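Enquirer: Residue numbers (our numbering), protein chains in the order written: chain A, 1 to 320; chain B, 1 to 352.
Among these hints, one or two may not hold up.
Unchecked claim - In silico DSS-like links for lysine-lysine, alpha-carbon gap of 27 Å or less:
#1 A:230 x B:54
#2 B:20 x A:146
#3 A:116 x A:144
#4 A:146 x B:54
#5 B:20 x A:144
#6 B:179 x B:169
#7 B:103 x A:230
As the list claims (entries may be wrong) - The calculated label-pair distances, taken between Cβ atoms and stated as ranges, are:
#8 B:348 x A:150: 16 to 24 Å
#9 A:233 x B:197: 52 to 60 Å
#10 B:68 x A:139: 19 to 27 Å
#11 A:150 x B:134: 37 to 45 Å
#12 B:14 x A:21: 49 to 57 Å
#13 A:157 x B:68: 55 to 63 Å
#14 B:335 x A:148: 56 to 64 Å
#15 B:134 x A:256: 52 to 60 Å
#16 B:15 x A:233: 32 to 40 Å
#17 A:306 x B:71: 22 to 30 Å
#18 A:306 x B:23: 52 to 60 Å
#19 B:295 x A:4: 54 to 62 Å
#20 A:25 x B:173: 34 to 42 Å
#21 A:51 x B:134: 51 to 59 Å
It is worth saying that the hints were derived from the structure and are not from the lab. Keep in mind that this is a model prediction, so the values were computed, not measured. Quick reminder that beta carbons are idealized off the backbone N, C-alpha and C, glycines included.
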Amino acid sequence: MAEVKTKGEVVLNRVAIVAVVVALIVMLTPIYWIASTAFKPRSLATTVPPTVMFEPTLTPFAKLFTKRSQLRQPVEEDVYEAAPWWEKLIYDDGEQVVKNRKTGAITSSGYWDRYKNSLIVSIISTFLAVSMGTLTAYGFSRFKVKGEQDWLFFILSTRMLPPVVVAIPMFLMYRTVGLHDTHLGLIILYTAFNLSFAVWIMKGFVDEIPREYEEAALVDGYTRLQAFWKIVLPEALTGIAATAVFCFIIAWNEYAFALMMTSRNAQTAPPYIPSQVGSGLPDWSVIAAGAFLFLLPVAIFTFLLRNHLLRGMSFGAIRK
Amino acid sequence: MARIELQNITKRYGGTRALKDLSLTVEDGEFFVLLGRTGAGKTTTLRVVAGLEKPDEGRVFIGDSDVTSWTAAERDVALVLQQYSLYPRLTVRGNLEFPLRPKVRNMNEDEIRRRVDRAAKTLQITHLLDRKVERLSGGEMQRVSIGRAIVRDPRVFLMDEPLSALDAKLREALRVELKKLHQDLGATFLFVTHDQVEAMSMGDKIGVLRSGRLVQVGTPSEIYERPHNTFVARSVGTPPMNLIEGRLDGESARLGSFVLPVSSPANSEQKVTFGVRPENIVIQSGAPAEARVFDIEDQGVIKILALDMGDTRLHATVPAGTHVNRDEVVRFGWKPERVLSFDPETGRNLAL
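If we strip away everything but chain B, and leave its shape as in the complex, we get (with noise of 0.2 Å):
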């Protein structure tokens, strides 16, 4: 087990940069989870991990060494991939051993079938050993792809994102199983994905990536609570975070012709970017704001409502109960400390 440090990563190709200065660090028994769009540099991150790219700048040290100039057979780690990583010419145990056979382990076959029938055991897929691997479904296929990972007891486990190929409810148990494991081997994760969901479910860590550069890392609670930025604002969260241009007067927010309290006031008026989470958004009459009802899903426990303010779109989480009808004008309102501001230049958290 051990930790992982990338310091200052620079990666081209050809012309265009994938990552761009980029340092990261994920403590011993951590699982940390890279959030980020298709192209933000993701999977570059964690081929430069296991060693499959080599960083134009920079230096990776897992544990206490810099394994910049390693091989990916000289790093001890494993990676888990979206698919493909299985032989289709090999049965579960002929993939399962696979791992434990270069010369270089020199392992014996008692010890061999020892690990693999571990491994085995912990995924639950005793049973498929000895089945072809084109006759797996692709849950199974995962499954065993992350067996694959834990028979060598490897310092390090790269995860590109392993769950994205699965249907929604096989991703949710396996999400779960996946964390499990996580626990029961107290190893170090580095898992990446662009689905929020996972993110927030599974990460002791977030990190927020966006076109090579990191930018922020926290627990999911203040990834969700205190982004640093507008675009973290809206990475996570269902629906994304509600950002409305206004205006910032003393202890009043102004949006359009209508006045909402916050409860960080700014000494000068200016022009701000509020960010409010759905949940925080309140339908009451006598709120002070008024909005026309787009559109309603009914998701069972909430609704999720998606309001027009004039030219705003804003979505709002209300409990199942709330009678609303589509096209009804409602009056709403927010929960002053739970606004957010945002410089509307840049986008950063004007609290931070």
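If we strip away everything but chain A, and leave its shape as in the complex, we get (with noise of 0.2 Å):
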């Protein structure tokens, strides 16, 4: 039923409209500039004004993906005939590569193993602190835990000083353990700063469930286990969705550990993507197509959650 609005309310449902598109321009102009320069040729990059009209190329992405030498003379006839669609988009755009006898003219950067392992350690990270963070929370909410509050505050308080001051230390103790450079040092790093981060939001979802639910379970012939994983885990899918998300993000985005914990095998994207910019002229096209690729599994895995989320994101406000 449409419901009677008075003259106030259109006004100020109009008001309201304004400022969310505003909003969303002011909060979206960045991530459009990304997204259409890393589809802009090299030249169009850095134009002032920018461009906005122009004919998309994925040269910046076949750039990103390749390492190349650079030389004088231009490439021959038969060398661009013979390579394939992506090299042809490189010698269009002007780079002239040198052959290289035993790996050919072109090889592959190292983006993509970058890109694999910011995969492979957030995802693994996240799953570790939420299944963690979930069990940890189901503990809290119901039994008595002898000090409780001190128990939480002290997992809260692993959050209380940026990570970088315990950095150093951490460098160190890595090196000594032979954890640097490696996944798992990655993972043991992002799990244990998420921890907290699941424990605690977890414990305001399973707090909102009815334990009557549980009991009824329990009463009915189930084991404290399969409770859990029948009724309680169902009804936390929202909050572990949300919590999911933002440890995601936290994992997905770290910069200073990853920088500094890592080198070779186990560099994710975030600090690769400025190791570029540091190599003769920054290609900013280039540079943009890997911070665009570097945004969408966040936007995917948000996107893919989004049901979840529109009521999780409401901490723990489930329906009753």
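Please assemble the complex out of the two chains, which come individually in their own frames, going by the hints.
Expert: Encoded structure:
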């Protein structure tokens, strides 16, 4: 049924819509900028004022995934003809490439490996933090824990100083035990600082689930673990989704530790992208391409979980 | 089916003792109602029987076995709660199947289907089986909750105020249905409520609970007619029993300046609290006592009068045909054989 609105409400409504549109423009412009630059040829990337209408190209992406050595002579005709489409994009852009006898003219860059590292580390650490956090929160929520408040405060206190403060001692410890530049090292690190966060958010959600649900299951002949699995987990899904998104974002975007604790094998994408700025003249459209691809997983992950998030973001206010 | 026995149960929460040395027996097939106010320990008692709480002291027996150390799953009891015991993600059928699905029961699909259908038929919810729980009314939900309990044929049914969230009409209807269900199943019911009407109308036996102690156990008429103390006396009956301070002197009760007869004489004069139910007060011209009508509540069949006798407010139920007006001064007496006397200090019934 349509509600009858007063004149004041109509005006207020319009003001609200305008405010939302303005806020959206402010927030989305940088993202649009990155996304559009990622598809611009090098010559248009730095024009002032920025070019709005242009023919999109995949050249920045081709460059992003390749490593090239530059030479003064133009590329030979037969080499050009034999090259795959993405190499042609690079030649077309005026990049001149030396022919390396062993590996070919163009070799792959480190980006895809870094990206894979980011995915591995973020997904595994998110999974660990959320699952351990949920179990811990369940324990605190349902059982009498001696010194519960002190424990919870202790858990939270691990987040009270910026992680970078402990970076140097961590670095030394990691080097000693051989966790430096390993996936496992980063996974442990990210899990550890996401865990306190996961425990606190999940506790709010689990507290909201009436314990009568589980108790009915216990009386019906289920064990505590089965009751948790069949009753609590489905009810907590909203909270789990919200927590997972937050943990994933934090792990995915983490820069300082990734820079310090990894060098070759386990380096993630965040420290890699700026490292490209430093080598030679920065090619802004390539950097934008790297940043654009880097934005995607979080966007996709959030999009997939959006139905859960709509209810979950209100932090534990599930329907009674 | 089985009897329930609690022996000297004490349960503490932090510093407070929720149950104090509570002993209680529910016979096989009995409908036992625990009546008490909020915080009296009713729910705790139920949870101790169900195995959801471990008592600090005392033992719990179900049937012939000492189940004190058993888990809730092992005790084979069914629990119906005021709300929340249905899973919102499942259909009615899913909810009814849920108690039959634990691995320990190892029940085949045909048997599950047969039992769910039978329970649904008993409770007349067959047409709801495929509906989501969220789309049920309160009464339907509670019916499904009861269904969840009966599909399993448990040894004991435990019910924690299952009707108190429903509106008055529905409550009455389900009260009758629950009683019938009890008769049909012949099962042992332990039913907890704060509603004295529920207790009186449903219970084979009532246990009155007060701050963690069982004050009196008896049939509804025992509780109503022969309360052990003033607390029990005021726990049942609407309006509750009138308690009047006075003196017992031989065969007469002195209430201020009025003298009324009693049928249980005392040898020496003593201070007592007289207890008389509203229906045993008689409005009659020429009766020994006098009071002013403060309020009249016409309920159709009867009228409930609020009377002021000096500082004491009394209630009397009189036939609807009685003509009285507000602020009118009326003469009243009581039925001497129905008057109880209590110790004014301890509240104990002096006749027991």
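Enquirer: State for each hint whether it applies.
Expert: Hint by hint, here is what the structure shows:
no.	hint	verdict
1	A:230 x B:54	24 Å, holds
2	B:20 x A:146	25 Å, holds
3	A:116 x A:144	42 Å, violated
4	A:146 x B:54	18 Å, holds
5	B:20 x A:144	22 Å, holds
6	B:179 x B:169	16 Å, holds
7	B:103 x A:230	13 Å, holds
8	B:348 x A:150: 16 to 24 Å	48 Å, violated
9	A:233 x B:197: 52 to 60 Å	41 Å, violated
10	B:68 x A:139: 19 to 27 Å	25 Å, holds
11	A:150 x B:134: 37 to 45 Å	40 Å, holds
12	B:14 x A:21: 49 to 57 Å	55 Å, holds
13	A:157 x B:68: 55 to 63 Å	41 Å, violated
14	B:335 x A:148: 56 to 64 Å	59 Å, holds
15	B:134 x A:256: 52 to 60 Å	47 Å, violated
16	B:15 x A:233: 32 to 40 Å	35 Å, holds
17	A:306 x B:71: 22 to 30 Å	40 Å, violated
18	A:306 x B:23: 52 to 60 Å	57 Å, holds
19	B:295 x A:4: 54 to 62 Å	44 Å, violated
20	A:25 x B:173: 34 to 42 Å	60 Å, violated
21	A:51 x B:134: 51 to 59 Å	54 Å, holds
Checked against the numbered hints given earlier, this structure breaks hints 3, 8, 9, 13, 15, 17, 19 and 20; the rest are met.
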